[in-house]
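Asker: Two independent chains are provided; combine them into the complex using the hints.
Residues per chain, in single letters:
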Amino acid sequence: MNSSSNVLDPRTSPTFPIAARATLGDTQLRKNVRHATEVIQSKRARVVGEMPDWQELRESGRQIREHAMANLDYYLEEFERNCIRAGGQVHWARDGEEAKRIVTALVKAHASSTSPEVIKIKSMTTEEIHLNLALEAEGVRVYETDLAELIIQLGHDRPSHIVVPALHKNRQQIREIFQREMNLPDLGEKPQDLADAARKFLREKFLRVGTAVSGANFLIAETGGVCIVESEGNGRMCLTLPETLITVAGIDKVLPRYEDLEVMLQLLPRSATGERMNPYNSIWTGVHAGDGPKNFHVVLMDNARTEVLADGEGRQTLNCIRCGACQNACPVYRQTGGHAYGSVYAGPIGAILTPQLQQLHHAQTLPYASSLCGACFEVCPVKINIPEVLIHLRNKVVKQKGALNPEALAMKMAGAIFQSERRFRAAQRLGRIAETPLVRKDGSGEGWIGWLPGLLGGWTQVRDLREMPKETFRDWWEKRGSHGN
Amino acid sequence: MLHSHRRSVLQVSLFITCYNDTLFPETGKAVVKVLERLGHTVDFPAGQTCCGQMHWNTGYQAEALPLVGRFVAQFRHAEAVVVPSSSCVAMMRDHYPKMAEEIGDRKLIAEVQELLPRVYEFSEFLTKRLGLKDVGAYYPHRVTYHASCHGLRNLGLGDGPLNLLRSVKGIDLVEIESPEQCCGFGGTFAVKNADVSSAMLAEKTTAVLNTGAEACTACDNSCLMHIQGALHRQRTGVRTVHLAEVLAGGEEAGL
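In the order they appear, the protein sequences are chains A and B.
If you read the first sequence in the working numbering, its first letter stands for residue 32, the second for the next number, and so on.
If you read the second sequence in the working numbering, its first letter stands for residue 915, the second for the next number, and so on.
Chain B with its partners taken away, still in its complex shape (with noise of 0.2 angstroms):
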């Protein structure tokens, strides 16, 4: 059955989620770039906006239930939805089954659970629905991955991004001391606990300085943009990059 994918040309609904569109537009360049590079044709549903994460994980369930049924509106006819984000996947398949049973419409829970399994986070969706490791990218750069906790725990990603940077041309990837400990970050945890999310943060961004490590890849921007933070505040001079514009690189490319 996946094998038979491998070479379809799929058509991807991009769900760019909301602050990857405001803030990292890079990312949803790149994936697009690597999913056209292999072939497959990339549309986004204009009237998508959030999955609502932000609100539900800080106790705001009101506000967050009505995305569920914007979500399915915008993408219940994909072939596939990609998002370059793990923990707004997380989000969607952990909750939006029970967030549908909650808004109790019958027609939103059958929708909700037939689409979700069509729902990939990026790397997922190249290692897993495509069956792929090598998706002929080039980038010559010292690298460390952060395996972002929703990506590691909820999807259980596993290996999946490190085959794929392992296959990435030029790369020289460094391995993370503790790679499956939090960067701090958690949503609004980080304003509300600030003393404690800086404490984890400082541990993060020694292990990452300890690898020697140009930049700092992930699965999801919102763990790198805390990264970044600290690092740009060090004046560190390191960089964090998302999986996808890891390997959207080519010849050409620069940091």
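The shape of chain A in the complex, shown without the other chains (with noise of 0.2 angstroms):
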């Protein structure tokens, strides 16, 4: 069961809006991803509308993850200290690849036969580092075993949503996949029908695979915990049957206290799912004889999240719960789906953290990727300011791109003509007569023009622009003021 070598990857990625052009020609998932996304949003606004603290409970999820990250240090020496003393042992990895080094060293050295084999439950932070591949590398076998998951392992496709990794494929196309790649050409289409197919094929790992690979959406400093919530039970096989738990975790899932789920577990799958609560929410700590796995292993992994702690506007970004609402409520995803972002994190949130993991180096063109709406904003749970944060990247990557560019010198240009009332004026007069030869008269007389030279040509692939008027406001104000007013 290879996985395909068609992963997601920032460093290869097109730019953000060469991708979007491929996935605004796919009907199909379009359509897919428009009706998910209401449907969810129609759930979500329900269930957050029938609580009436609702804004009080974001302001303190805001401050429970705000704290948190300014005090991370803290938090995750007292995690590993905890998680340690019940009976767990915690590994730190600097990078995606250490952790990968880390994870196969585990799973080889708990495997019991020369073939080893792992059963995942869903974990965005390992997609993320693309682990599947270094485990497969390596000989070991991997079965995903949250569905969404299993549906894009089976289909050689890749997760488009954080939390509905599966988001763009509809019922039939499931069913397709699942004919094909389980041997199954009779089966139904019903989603009864699916639930058993995948419920056949995922049992009988789970009784026999040895370890499981674990993401984890909390880690509770305070007793050393780790929370998993989900929606299937498919988890709780992988975190509960296992002789060995891997967890792999990015060292931003802390929280402080054992009672901030309080308000984490009322806030995330209202956000996330639009349910009340998640129908399992499983906490473990440490290893206990005779109950669950008997060796549990957390590795910590960074992979440039200091970094982005480091700016003090960016850092917001940590508080980041993984609910996915920013991605259900954006109308740039709602057009293009996750795949065009070219990362495991799509969306809003996915165009602030991805182009931050990789330091600029790599996926630019995120920050860009939205017209600043808000709508992301309003639904944070955690209010995480996701449009300041994209103009604060805006800059940094207009930074980068130093002056001698096109954009930079007419944004240059601009930016004199505003500081002179005198430039402002001289451009008004220059720019109705630079206009002059694209503009035509139409039916009614009016003057538009239907076709601009450049990057402005984006604007007039779809739109016309209306021929500049030849008074300006002000010329208009001058004129009425010397006539008595």
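Simulated from the structure, these hints should not be mistaken for laboratory data.
Cβ coordinates follow ideal geometry from the N, Cα and C atoms, glycine included.
Calculated pairs, DSS-like style, for lysine-lysine (alpha carbon to alpha carbon, straight line, at most 30 angstroms):
1. A:Lys231 to A:Lys221
2. B:Lys1021 to A:Lys430
3. A:Lys414 to B:Lys1106
4. B:Lys1106 to B:Lys1012
From the derived model, a few chain A residues whose C-beta atoms are all more than 10 angstroms from chain B:
5. Gly80
6. Pro83
7. Arg93
8. Ala101
9. Ile115
10. Ala140
11. Glu167
12. Gln210
13. Arg234
14. Ser262
15. Leu272
16. Ala341
17. Ile464
With the Cβ distance kept under 10 angstroms, some of the chain B side facing chain A (calculated, not the full set):
18. Ile930
19. Thr936
20. Pro939
21. Gly961
22. Pro980
23. Arg984
24. Ser1001
25. Asp1008
26. Cys1063
27. His1064
28. Cys1096
29. Gly1100
30. Ala1108
31. Asp1109
32. Arg1149
Answerer: Laid out in structure tokens, this is it:
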């Protein structure tokens, strides 16, 4: 079961405008994304609307996350101490490469045969570092057990949403994948048929495979516990049946206290799936004789999160609890789906997280993949001001590109124009002269521009532009004043 | 406090904004007409240019910063500043304090803080500062209202503009589907991500056309320029018109 080499990697992905052009042409994908995000959004709106203290909860969530990130070193060490005390083992990974080496070595060390296998429960963090490819390269067979991740894996596809990774596929497409990959030509297309097929396929793996790799929703510093919430119970299987459990978590996942879950477990399910509570809420602390895994490892991975933390304006990105509400609300994501973002983190949160995790060596077009409409900020359960961070990152991109490119020169010139009323008026006059050759009269005698050169041509591909009126407002105002008003 | 101002004559300083000045002078004229009809007096500080939104939002912070000082210099003595552009007001309200901090000029920081509470988006000035719904307008046309993102989310205009429209005589106001959804303009987004912007715009123009309206109105000509661009390209015959122009409508007015 080879994962496709078709992975989402910001280092090799095309720019957002180019990648988006491809997904915009996929009629089925756009219908699926529109439908799925609308369904989740309306469920979310319903269960958020019934909470009288939602805004207070959001503020609590923001404060908890901000405090945790401001004291990250302290809480990570507290988590490490308490996890070890409870019988867990803690590993620190500076980057994705180190995390993959640690996990691969642990899997091999705990393997009972020469053909090691692991079951996995949904973890975007391991997708971020392409852990499956690294494991497979070392001869480890990997089985995704989250239903959506299983669909992605069997379909040699890529996740397009952080909570609903197969959101871009509809039921008929999923049925075709199962028919082909599970060798079930007669499989029906009812949700129950598909769930039954997945259950049979996975149950055998749960009972056989001795090692699981999981992600984490939260690490609890106070107790050393790890928390995962899910809807299917497949995670619970992975967390309880195998002998060995390896959890890979970004260092940003830490919460100070157990009681912080009171806030987070209200915010997360309502924002993510529109549920009042997740069907499965698993919290485990170390190992317990005769109950659950005998060996428990946590890999705490940095992978540039420390660099994000060092940026005072970008740091709020780390407050994210991966609910995906911003993706569902985003009018850009609604059109393009997730793959256009070239990263496992798509949508508005991806547009700010991915470039920062890449330290802006890659993904420089992502901060521009937004109309700054603010729908993301409005729904964010921990009040991350995504538009503000987008603008901050745009400024970094501009500085990186330097002053000697057409856009920067035009912006510099416009900046100089706006600093003088005289220059501004001259530019207005000049604009009217410059546009003249492009203006055509329409049927009603109005002047319109249907074609513009260069970058501005993006405007006229589907839009006309009205010609500049002969008289500006300030010209009119001056004339009016001179007539004794 | 609010009530005591209702009947007094206010000296209103108009910040027209760079693109309204250049491309939409009719909007400015309409603002003047409405304010004067309500008995207030209007002035226009001549040194005004741009709020800096395009530069700031595209990442050109260095070019945007000097415009804070320019705005303050032009309007520091104003009793009330009225701006017929929700995104420009959002720009000033959300970013000027931070920009002044970045410039590090203590006097400017204090002046921005002191001036901003007197800066109003046009509909906000009518509904919140003057406490009005009916401004005595007549506009006998079928109209739909697009809630521009910055007005909706950053300024929290809510039903204010709709209440003004509902009070217009002769108007046939029809609600648009998904009014909270962005039209896809986003400033330089429309050219940097022209394909995605076009896809977003297609949904918006479809929603406008589905209402059967003759005109789409909003508190922001930047969204309207975007929507109008496609409505004209498709030869729909449907117009866009700034809220101020609807509210300026009198018995003599055409569309």
